Amino acid sequence: MRISAEDIGYSYRKKGRSIRVLETVSFAPKAGELTVITGRSGSGKTTLLNVLAGLLIPEDGRVMYDGRDICRADDGELSAFRNVNIGYIPQGHSALANLTLLQNILLPAALAGEDRTDTALELLQAVGLEKLKNAYPDELSGGELRRLAAARALINSPTVIFADEPTNDLDDENAAVILSLLKARAKEGAAVIIVTHDNMVSGYAYKVYTMDGGRLSEKENDHDDTLCRPLVS
Amino acid sequence: MKLRELPLIDIRRRPLRSTALIVVAAILSAAVFGGQVVIRSLQRGLDSLKQRLGADIIVLPEGAENKVDLENILLQGTPGYFYMDKSAAEEIASIDGVDKLSAQYFLVSANAECCTVQVQIIGFDEQSDITVKPWLKEAYEGSLGKNEIIVGAGLATKVGHSLTLYGVECRAVGKLERTGTGLDTAVYATNETVRGLIKASAEQGIAVLSRQSPEDVVSSVYIKAAEGTDLDELTAAINTEVEGVQAVRTKSMMTETADRLGVISKGIAVFIAAVWVLAVIIMSAVFYLTANERKREFAVLRVMGFSRKKLSRLVLTEALITAGAGAAAGVILTSAAVLPFVNIIEQKTALPLLMPKTSAIVSAGAAVIITVLATGSAAAALSAYRLSHIDTGKILREGC
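Line by line, the protein sequences are chains V and D. The first sequence runs 942 to 1174 under my numbering. The second sequence runs 34 to 433 under my numbering.
It should be emphasised that the hints constitute simulated quantities derived from the structure, not laboratory data. Just so we're clear, the structure is a prediction, and the values are computed from it rather than from any experiment. Where a beta carbon is used, it is the ideal one built from N, C-alpha and C, also for glycine. Errors might be hidden in some of the hints.
If you want the footprint, here are the derived chain V segments under chain D, 3+ residues with CB under 8 angstroms [said to hold, decoys possible]:
#: 1; segment: 980-991
#: 2; segment: 994-1003
#: 3; segment: 1037-1044
#: 4; segment: 1118-1132
If we take Cβ atoms under 10 angstroms as the criterion, some of the chain D residues that face chain V in the derived model are [stated by the list, open to error]:
#: 5; residue: M34
#: 6; residue: K35
#: 7; residue: D292
#: 8; residue: A332
Start from the sequences, fold in the hints, and give me the full structure.
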């Protein structure tokens, strides 16, 4: 899937003041690549991710998926598109407290009208939570919850994956589990975009961008190219 | 996992909130349904009483206590009797404006060995009757013979069985339908039978009449006025021209009862309205507070691909399920608690309560459930709107 954000501008209001967060941002992550966006807190990284996922409608510019501007789609269309094509790992804990781990992972599939129990069980195994499939989120540690969020984002085999600080507050072992999972998806052809201020993550990226003052710029990356080169162009 | 299971899972996993909503809905439903049944029963009882008192004017022996006695006989089923000279009926018949008139006898069987049960006995004249026969036909088509009676629905006596009244075997030839009034515990016989019973009571040593012969007295006279007659004027004429009697317009008797029932019905309606307002406030508050708690959850659902419409539907479905469960529980519990005891309620309250037909109760129950469902949905509507229009980006960014 070809994705491009063109001349995106976005402001939000806080205490009556308008704060410009994105300033003419253009960005085109590629399928089969793991792209990392770094930057200080409040630099606009999460806002950019939300605009790309269609959760925020930009004031200026457009977000194109295969030549189609999602900003012009109605809510029903856009939501259905997000459900099937976009996997999103939000910042912080995002588990639904009333659902078991397995139900949490299955919910996006159920929304798409599909039963993906086998895939869900495979994903639980991949993130090391298979024994906790019937547990509820309040029985899990922070690291386990992050792994759960990652597994849930992948249930519908999305072609685009957004991960917002996926390794925040995680030990190296848990961080490696999530990053390996995302890297594997990129190798399978998905466009993976990670927002982070964890420099370790950049080592997994094919391309690294820096967000500063609402502007996005590509950064030299000294990653191991053999590990992160795109498999699909 | 099926998407349709989600509201049920949410309800099950929030037992405190769900129970609170179900209880509020059940209370609302019980109040509306119970109130509805009582109001309809009162109206039906009043209609039944109106139908049974088919006369325009009732004439009783003079004295306020006699009017109270008559009301007690009609409404509460408290047995009573009073007599006046039979000549009063003849005098009334000669007054202009009286079209038809018929006398009745009231007698009470004794609470003694001579009688099976203490009941109100009402005697009527088959030839001139204008009030009893039209509805007696429902129970018995023929003509009542000597010592034959028709029993009210509230008595245990079956058709074909007999009641012993002052030592006289009286055979039940028909049983009336329930009226919800005191008339349900009365037995009906011809004047001839009742006069015979009065004589028999004297033989049993129970003197109902101290001096007069039963042939010379009547208890009440029912009057049908000629067309075009001013009923107030006719009532006044009877009161002026006939000594020792009081004429009462049946409408005024009914109006007093109707006024009482109106006050009770209004009270119930105010109670229902108060419960309804309270339920809306509580339900709205619960949904509102829950909405605040659930912002993050709904932001995550948006991220997964839930549209605003689907989120609204989720909130409304949860509201409908809890309100529906509460409404059904309220109707079922009220039915179990009230319907079997309506006779006791009728006796204790001395009100003409006539239970609506089963079909009417079922339709009232259905209407109450729909009302409570609509109330639950209305209470949840604001929360559904708020939750489906959350600023997902802001919540994800700021975590609240």
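Evaluated hints:
no. : hint      : in the structure
1   : 980-991   : holds (count 3)
2   : 994-1003  : holds (count 3)
3   : 1037-1044 : holds (count 6)
4   : 1118-1132 : violated (count 0)
5   : M34       : holds (4 angstroms)
6   : K35       : holds (6 angstroms)
7   : D292      : violated (55 angstroms)
8   : A332      : holds (8 angstroms)
Of the hints listed earlier, those the structure fails to meet are numbers 4 and 7, in rising order.
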